[in-house]
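Trainee: Below, each chain spelled out in residue letters.
2 protein chains.
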Amino acid sequence: MFKFKILKKSKKSSARVGEIETAHGKFKTPAFLPCGTVGAVKTLSPEEIKELGAEIVLANTYHLYLRPGSKTIKKLGGLHKFMKWDGPILTDSGGFQVFSLSSLVQIRENGVEFRSHLDGSSHFFAPEKVIQIQKDLGSDIIMPLDICTTYPCSRKEAEKSVELTLKWAAISKKLNEKRPRSKMVKLFGIVQGSVYDDLRIKCAKELLKMDFDGYAIGGLAVGEPKSDLWRIVKLLDEILPKDKPRHLLGVGEPFDLLKASQYGIDMFDCVLPTRLARHGVVWTKKTQKLDLTKSNFKDDPNPIDNCGCYTCKNQFSRAYLHHLIKEREILGHRLLTIHNLFFVVNLLKKIREKI
Amino acid sequence: MFKFKILKKSKKSSARVGEIETAHGKFKTPAFLPCGTVGAVKTLSPEEIKELGAEIVLANTYHLYLRPGSKTIKKLGGLHKFMKWDGPILTDSGGFQVFSLSSLVQIRENGVEFRSHLDGSSHFFAPEKVIQIQKDLGSDIIMPLDICTTYPCSRKEAEKSVELTLKWAAISKKLNEKRPRSKMVKLFGIVQGSVYDDLRIKCAKELLKMDFDGYAIGGLAVGEPKSDLWRIVKLLDEILPKDKPRHLLGVGEPFDLLKASQYGIDMFDCVLPTRLARHGVVWTKKTQKLDLTKSNFKDDPNPIDNCGCYTCKNQFSRAYLHHLIKEREILGHRLLTIHNLFFVVNLLKKIREKI
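Line order of the protein sequences matches chains A and B. Position 309 of the first sequence, counting from 1, maps to 309 under my numbering, and the rest follow consecutively. Position 327 of the second sequence, counting from 1, maps to 327 under my numbering, and the rest follow consecutively.
Don't read these hints as lab results, they were simulated from the structure. A few of these clues could be false.
As the list makes no split between identical chains, a pair holds if one copy fits it or if it spans any two.
As the list claims (entries may be wrong) - Quick list of in silico lysine to aspartate or glutamate cross-link-like pairs, EDC-like style, CA-CA up to 20 Å:
#	residue 1	residue 2
1	202	213
2	354	136
3	313	48
4	84	48
5	8	353
6	160	206
7	71	327
8	313	51
9	74	327
10	156	206
11	71	299
12	234	198
13	313	47
14	28	243
Isolated chain A, as found in the complex (with noise of 0.2 Å):
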């Protein structure tokens, strides 16, 4: 029960638009995938998620693993019960948040140990553990242990990168075809390699022979120069086969989904509309951004941007809006993550229409 069906694509980009199918319904890409770190967007309801056009959200599985626990998850009847979404979910490897929240890293050959960011205790994620946790949870696209590189980094760290990302993107596969083929779950393949193409190339190459049901290309927006970005998503563009979906993990400027959706990626994450909702930014078709904590606001009886999302529909003015963040009032930060969100997914459907 998963299919990538290609619907329409650009004459003049690798742009296209698609559909996929999952266990838990369709999703049309590209697609932006609201964060649903810990069993939740960030302040919204299922139906607030829905009605803003999101039709697939993230999970971590890092943050799940630590709390409550992908088996508590289980016993309670997966995470779409747990959460109350009935719609595809999407987790990651969590291989970005141990290099980027845990402490004491160490990475062996079989896996990652590292320290729990919440109470400093030990664990120890292999492959299998990885793949294990995601099956506990009932995703409907998971992801392999990866090991997920900062910038910038060594020739040689990116070397031991894509070899153990390789090494373990192996595992996975196995292990995910030994699984009932009813109750099989897609399984994408992450592509690292910093900003070395050679390493890329050979990583992308060394996955394609694997076969896996979608590509993610991880270790970007991670702090390097945009032309490195923009170079390594072109070289992939090349690479990885056109009748597979891509993800792009991390990326979510309104500018970047639109630049990288013309090199054929389909799907998107990123915790920038939440956070910039979180700290009263936010963005609008004309200013592309508005920090509605400035004094400016403070009067002005306008809603932010007469989009077609609650927020605006509802003509909540920018001077309540500024308010209620100045109060540090939830409403505040709910609104504007409904706006930033609808942004983003709109702004993918958009695009799609464009194509």
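Fit chain B to the supplied structure of chain A, relying on the hints for placement.
Mentor: Below, chain B alone, put in the same frame as chain A:
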């Protein structure tokens, strides 16, 4: 445009079912008013407030005066438009907040001097100013500046409180009557007098002579024994006119709502439902209170209480709510707030049905 219609009276007690009509619609009594302190009921959208059955909300004069300022709200079209709540709004006198939140409070014959709890800036509330603030906000029901005593309270302090509360009530009454009849909002008198029966009687009788649109009982639920609270409420039940609405300020424990309504109380407000929610505590029919932060809810697949609220209706499990609260995810705070407010609003609905 303000009518208090008594629809039904109990034969066993002073309880009554009524309906109050304001310029922004009707609400049934006895009623619970969710607190929209700074112009938002914590975490909730206007639709959610309506959906849980609330017909009127309370907002705080003190908070809105300090931020964003009543003049700003007036310029933006008033509080109803500002917070997108088209139902009735009651604002309190600010007295309680001045004495409980601000610092360096100096009581003078013509008002109260205090320093803001936000930035330490100096302010002066005169009775005239407090009426003007509420007029600027555009509230439907307003309160005169009063002196809310704490507990314990010396007889001398209580006497002073009654003396000034009465003096300021008279000034406020005159001022409100000067306003064009069509725009005249309704003004309640506030009965003070701490736990001293004779002072409560005196205060109530003097207010009655001024003929207010309704009467509020202040200075209770501030730490005094419950026996004192009920003695005063019972006492005032015999003095306050039967044909005017009565508001018991700051009382919101479910059992207290039940008992107070038998003494003819028509309106309640309290931060308890939202505050308990913030701390992970919910009310249920059987167990009274559940502390969902406790680890025994980690695996509990049941909803809070199978009531008709959004949270229970959608079967969000105690395990999920426990998880969200532990993670400080705002959705948890929101789902518990909805439940607790539904609980009290619905309790009053049941009380109305039983009278």
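Trainee: Run every hint past the structure and note whether it holds.
Mentor: Hint by hint, here is what the structure shows:
1. 202 - 213: This pair counts as within: shortest intra-copy Cα distance 19 Å, inter-copy 81 Å.
2. 354 - 136: Answer is neither; intra-copy 39 Å and inter-copy 49 Å both fail.
3. 313 - 48: Both. Shortest intra-copy (14 Å) and inter-copy (16 Å) distances satisfy the 20 Å Cα cut-off.
4. 84 - 48: Result: close both inside a copy and across copies, 12 Å intra and 19 Å inter.
5. 8 - 353: Cα proximity of residue 8 and residue 353: one copy only (10 Å, versus 60 Å across).
6. 160 - 206: within (15 Å within a copy, 85 Å between copies)
7. 71 - 327: Answer is between: at 18 Å across copies they meet the 20 Å cutoff, but 39 Å inside does not.
8. 313 - 51: both (13 Å within a copy, 19 Å between copies)
9. 74 - 327: The answer is between: 19 Å across copies meets 20 Å, while 39 Å in one copy does not.
10. 156 - 206: Within one copy only: 19 Å inside, 87 Å across.
11. 71 - 299: between (51 Å within a copy, 10 Å between copies)
12. 234 - 198: within (13 Å within a copy, 85 Å between copies)
13. 313 - 47: both (17 Å within a copy, 13 Å between copies)
14. 28 - 243: within (15 Å within a copy, 62 Å between copies)
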